[in-house]
Amino acid sequence: MKDYLTTVKSNEEINDGILKLTLESKEPFDLGSFRGGQFAHLEVPDGASLLRRPFGIYEITEHTVTFLIAKKGAGTDSLFKAKIGTELKVILSLGNGFKLEESDKRVVLLGAGMGAAPLYPVMSTYPNKEYFTFLGFRDKTKVMCVEDFSTKSKTVVCTDDGSYGNKGFPTDYLKAGLDEIKPDVILICGPHPFMKIAQRIAIDNGIKAYLSTEQRMGCGIGACLVCSCKTVKNGEEHMSRVCADGPVFDVKEIVL
Amino acid sequence: MNTKVNIAGVKFKNPIITASGTFGFGREYANFYDLSSLGGICTKGVTRERREGNPPPRIAETTKGIINSVGLQNPGVDAFVRNEMPFLEKLGTNIIVNIAGNTVEDYCYVADKVSETSAHMIELNISCPNVKAGGMAFGIEPTAVEAITKEVKKHCRQPLIVKLSPNVADITKNALAAQNGGADALSLINTLGGMAIDYRTRRPILKNVFGGLSGACVKPVALKMVYQVYKTVNIPIIGLGGIEKAEDIAEFMIAGASAIQIGTVNFYNPLIGKTLPIDLENLMKELKVEDINELKGTLITD
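If you read the protein sequences in the order shown, they are chains U and H.
Using the working numbering, the first residue of the first sequence is number 2, and each one after it goes up by one.
Using the working numbering, the first residue of the second sequence is number 170, and each one after it goes up by one.
Accuracy of the hints is not assured; some may be wrong.
Result set (PhoX-like, lysine-lysine): computed pairs, CA atoms no more than 25 Å apart in a straight line [stated by the list, open to error]:
1) U:Lys231 with H:Lys388
2) U:Lys72 with H:Lys400
3) U:Lys153 with U:Lys176
Derived CB-CB ranges, DEER-like [what the hints assert, rightly or not]:
4) U:Asp149 with H:Gly362: 46 to 56 Å
5) H:Ile469 with U:Pro192: 52 to 62 Å
6) H:Gly261 with U:Ser34: 46 to 56 Å
7) U:Lys27 with H:Thr444: 13 to 23 Å
8) H:Thr444 with U:Glu63: 39 to 49 Å
Per the computed footprint, the stretches of chain U lying under chain H, defined by three or more beta-carbons under 8 Å from a beta-carbon of chain H, are [what the hints assert, rightly or not]:
9) 174-188
10) 219-229
Everything labelled a hint here was simulated from the structure, so no lab data went into it.
In this text the structure is predicted, and so the values were computed from the model without any measurement.
C-beta atoms are modelled at their ideal positions from N, C-alpha and C, and glycine is treated no differently.
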């Protein structure tokens with residue numbers, strides 16, 4: 002992990018309230034240890050927000066990094082307004098990404114809403130797997146990344162109201178397809194209620210699964226202990242750090 | 170040029186110390202720079218037993234500040250001494266161990282354990298606003314401050330710093346009480362009580378409802394209290410509250426601080442401990458100050 006000085010290379014609202022932000026760094030990023038599911042801690046360019054904002058990395062190359070960002074509050078709002086060329090400091094790559102074993106050959110990516118973003122780079126980190134993607138969005142105005150996923154995996158897209166793709170939730174479509182897909186592992190990211198359902202499906206079906214969590218962060222590197230979540234190991238409950246012990250946890254260890 | 174300062178007989182290479190609770194036990198920031206650039210590291214608060222802290226969310230952002238409600242999450246003093254001290258003592262900087270507890274006995278137990286280590290100083294945390302029992306209970310009434318300082322002091326081989334809360338009627342009375350109890354130095358201020366509300370959901374942002382406010386927005390409050398306490402006591406003061414640049418250090422020292430701590434700034438600038446000592450020397454050149462100690466308590470009020 003390192004603090005890089007970057008400039009805004011492109012800044013495009015790809016969807017209703019969703020920003021695709023690409024930053025450029027003269028200094029090459031350390032890609033050696035990067036794993037899909039890791040995140041970066043971005044400076045906010047308004048001067049009023051002290052804290053940085055954590056975002057899952059969507060794409061990373063030697064000199065560029067791309068994020069998909071939803072408009073949530075003042076901090077993300079000023080990222081939407083950042084002009085091309087704006088300087089931003091970025092710490093990356095942070096946290097533990099998704100870890101796949103050699104034996105994990107058939108991989109399900111299960112994402113909802115913005116949760117699709119950190120799942121996407123997994124397919125670049127581990128290119129020699131067979132991927133099956135299930136993505137869910139509220140409605141057609143929120144649908145994103147479908148083309149990117151479709152080129153690398155068999156992709157099922159649904160919306161809550163059926164205004165794009167299938168009607169319903171991605172967890173339902175995964176459940177229906179489990180017998181056919183026979184996944185070795187399921188990787189999950191999305192809103193809290195969605196992840197609870199996904200966690201249940203994985204545990205009930207005895208399938209290995211990991212999920213990526215989110216919490217308000219301070220330092221982003223594990224020192225301040227503000228982004229806690231409850232985990233269970235050897236029958237004992239602990240508070241773990243989302244930023245440093247996560248954000249990816251085994252579904253059997255995290256208490257949602 | 171001299172940046173060395175002396176706090177209760179302990180020499181620091183410069184007056185910059187990281188504040189408790191913002192720097193863990195140093196490991197995370199050691200990934201970013203060589204921590205020997207720092208005058209010292211003050212550890213996360215350590216208690217007798219392992220603590221898991223408060224439920225999340227534990228942080229809210231406000232204008233130029235943050236509110237936290239971590240609640241003293243730490244591995245307990247035995248694990249700290251076993252797993253963290255060996256790492257800390259190799260960093261080439263002074264180590265101050267912040268200690269906390271629910272009872273006077275707890276504090277003394279932790280002080281005994283820390284006294285056996287190579288820590289340079291002990292900081293008595295009686296001002297954490299985020300735990301229901303203890304901590305703050307000892308930090309509000311001057312009589313309680315004096316009593317716990319006196320007891321813990323008996324168990325400290327190293328000089329004892331008492332960290333004062335700003336959430337009191339008159340901080341100078343608590344400062345005097347700590348001095349009377351035998352404190353070798355004071356550090357101030359701990360966080361100010363605060364809260365944040367989400368107007369859409371009508372809920373507090375912190376699960377704990379209340380938390381401690383820190384960051385640049387508290388600097389004026391901290392400066393005032395450091396100045397007031399400096400005029401009241403004759404033991405050294407470590408000033409903290411919203412410091413983020415060399416100019417802030419100069420202001421705190423002019424107000425009467427012998428050294429300072431940097432806290433919240435670490436969160437948004439992980440390299441601050443590397444750049445700030447250099448910035449401070451540059452500022453000294455600009456101010457034509459040969460010895461950093463020349464600044465101490467030089468506020469002109471006429």
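Outcome of the hint check:
no.: 1; hint: U:Lys231 with H:Lys388; in the structure: 34 Å, violated
no.: 2; hint: U:Lys72 with H:Lys400; in the structure: 49 Å, violated
no.: 3; hint: U:Lys153 with U:Lys176; in the structure: 21 Å, holds
no.: 4; hint: U:Asp149 with H:Gly362: 46 to 56 Å; in the structure: 47 Å, holds
no.: 5; hint: H:Ile469 with U:Pro192: 52 to 62 Å; in the structure: 57 Å, holds
no.: 6; hint: H:Gly261 with U:Ser34: 46 to 56 Å; in the structure: 27 Å, violated
no.: 7; hint: U:Lys27 with H:Thr444: 13 to 23 Å; in the structure: 19 Å, holds
no.: 8; hint: H:Thr444 with U:Glu63: 39 to 49 Å; in the structure: 26 Å, violated
no.: 9; hint: 174-188; in the structure: violated (count 0)
no.: 10; hint: 219-229; in the structure: holds (count 11)
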